[in-house]
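Asks: For this one, chain X is given, so just place chain Z on it according to the hints.
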Amino acid sequence: MAERERRLTPPYGGVFVARTQVMTAEDLARATRRMAHEIIERNHGLDDVVLIGLQTGGVPLASRLAEALLAIDGTNAPVGMLDVAFYRDDIGLRPVLPEAVTRIPGELTGRTVVLVDDVLFTGRTIRAALDALADHGRARQVQLAVMVDRGHRELPIRPDYVGKNLPTRRDEVVDVNESGVDLGEMHQ
Amino acid sequence: MSAAPARRRSGPARHLLGMSDLGPDVGAGIDEVMTLTDSFVEVNERQIPKVPALRGRTVVSLFFEDSTRTRLSFETAAKRLSADTMTFSVSSSSVKKGESLRDTVETIEAMGVDAIVVRHGSSGVPRQVARWSDAAVINAGDGWHEHPTQALLDCYTIRQHAGSLAGKRVAIVGDVKHSRVARSNVAAFTALGAEVTLVAPPTLLPPSLDGWPVKVTTDLDATLGSIDVCYLLRMQRERMTEALIPSLREYTAGYGLTSRRADRMAADVLIMHPGPMNRGVEIAAEVADRPNAVIVDQVRNGVAVRMAVLFLLLGSGTRWGGDDA
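Residue numbers (this note's numbering), protein chains in the order written: chain X, 521 to 708; chain Z, 1357 to 1681.
These are calculated hints, taken from the structure and not from any lab test.
There could be a bad hint or two in this list.
What the hints assert, rightly or not - Selected chain X positions facing chain Z (in silico; Cβ < 7 Å):
#1 Phe606
#2 Val621
#3 Thr622
#4 Asp655
Ideal Cβ placement from N, Cα and C applies to all residues, glycine included.
The shape of chain Z in the complex, shown without the other chains:
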């Protein structure tokens, strides 16, 4: 028997596990992704939004946690690059029969995949998968840790509407403690020169904010007048094992973007939300449909940004991201 042909790959597998994988200068790494995203936005506007760049590559999504938009977004991105996609959903898999994570990864790996998109409820799982696998690993959200592609698409959306992030004042409002989106976004926004303020009740802030280059306040009303972007986090009810807030209604009273609060912001302040929204909790139903709410743009840009990430990891041949030896 002859040996299997060598897979097309220049250098060791590269991964996107967190914002620090974008290189020593995170801002420059983000800029590279943004430039490439411009090209994929153009592709997505075509009548036939598909290019043959990743023909013959296989991308597996390995989701241990519920997700519709992120999984669909990655799969759409892979398909528009002509890659083959496979979905591993835990509910219909051998994980239910007691298979370990490592065996699951090695099984998928044995089928010859080029990239694994991982979402898991525990922080650090994508890094562990990257140790076990020769494929490129993309973190699609791990526990309370990071969600780098969300941060990249948020940067792209802000840039699209406001030109640049340098000097922009961004408020990240809500459940920072349980939010991987907040962690990746703080790293991304500050790397691009934005001033970030976290707005949350003390119980929904992480135990320590040492080393976070952010301001912190508990007063949303005092913040509204002096921001360029209002980024609302989802109230993660499924992660609330302890009573961190008295009630959702009380949360909305203090930290929800109600119509009255939205009226007090300048008309060009961008309203953003990573989805899925709890309309009526962190954002009033009507506010989410205002012209300065760019939540649908975030989703739209997500496909192009993920195309850029997949292309950089699998197609560009440029060294990018951290090698986890």
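Chain X on its own, in the form it takes in the complex:
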């Protein structure tokens, strides 16, 4: 199964070895469509809704969500990307480098921002993302969409839209990719 090198997620420099596939590509597509419906329902349409994908895992997910929103509602929701490296609370404790440049589509003040990430774990990335967002304006509301909620939260943060709730052990690793979602371990 899939083996991928993960440079900046713990444990560092290891290789991810997948044990089981918990979602297939079709499951991903269905979950994405459902989440798109929920976003439209919750916000009574897509007026002033902006999707912001978190680097790196949330970025492809945000554009797939945008495609689903377009197919359902016929509306092109603006899509941006956010790198939270400079806002993390573990700078100096672990390797931290931005994966890509942040791109925010227009002014966020007064709009509804849907943060999109692949996996919700401790919640610390989302904490950093909320700080980062605040530097780009005062959003009217911030919502959170994740493909997998794997538990083990360390902060009072909860998602608004979830692809799949997946109970995990702390030392397991969840990997979301184009062909589905894998559960496995890191090998040094």
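Replies: Frame of chain X, contents of chain Z only:
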């Protein structure tokens, strides 16, 4: 009394003393800085150009030589990363009372600083400071030796305007002998695959160019037609203890980028200068304001590049730069 809490640091202090600290493959090291600089350029374009990355860190600038742009650039960079900054300027310090460099460094060190930005008129001072100090040391120009952050911002500026340095022909014109900028830039440009030509009168070249991967000529006019970047060095009048050129006017006649010479270059040749400019000496006043003169961009990019350097040394947690045991 309990012991002071351990400072947040992963591994030994890392330094940027010269281009070779960027790693065994200098080109790859420069690429890493450039990629990170892209992120900081975006930060600098924001309405609030500040991120909390280096909150609680202290950066000291220790300048034994006059400088406005480099010191301001480093301090702006540190502030935009939310670090605290302190300035040590020699004219108002105990150095005037006869304090030695070592005592000065140890005094600053005792206040608990994370990075020291050093400029000094003598080559090798930053390396010496790095030996005495646990903080990360950044060379902001030492004597005739190196000025690595200038080279990095020059690479970034060329890349921004010309895409890449690979295969680009760069002329470095003027007082190479006294220029730390030229030394760092030769190392940086050639590491990225550029062809570098030094253009200078023989008296303004270093005594030996052994091992420099460059071409050398004394004829600026013959060079102008076949370059992509024209990098002018400042005539360092304060370092001219001996009569190396007959007069500034004669220097301008042979090596200044006059309007007539600038007209003979292709319109997209980048005109660069590390500043401060002597308008009318190495560059004509009007030439410095042409659209292909990117001197202001160099200054602008300097802040983002120095943010990248500070972040790599203090924040990224990745091993980078040479450890001077």
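Asks: Taking the hints in turn, state whether each one holds.
Replies: Checked hints:
no. : hint   : result
1   : Phe606 : holds, 4 Å
2   : Val621 : holds, 5 Å
3   : Thr622 : holds, 5 Å
4   : Asp655 : holds, 5 Å
Comparing the model with each earlier hint shows no violations; every hint is respected.
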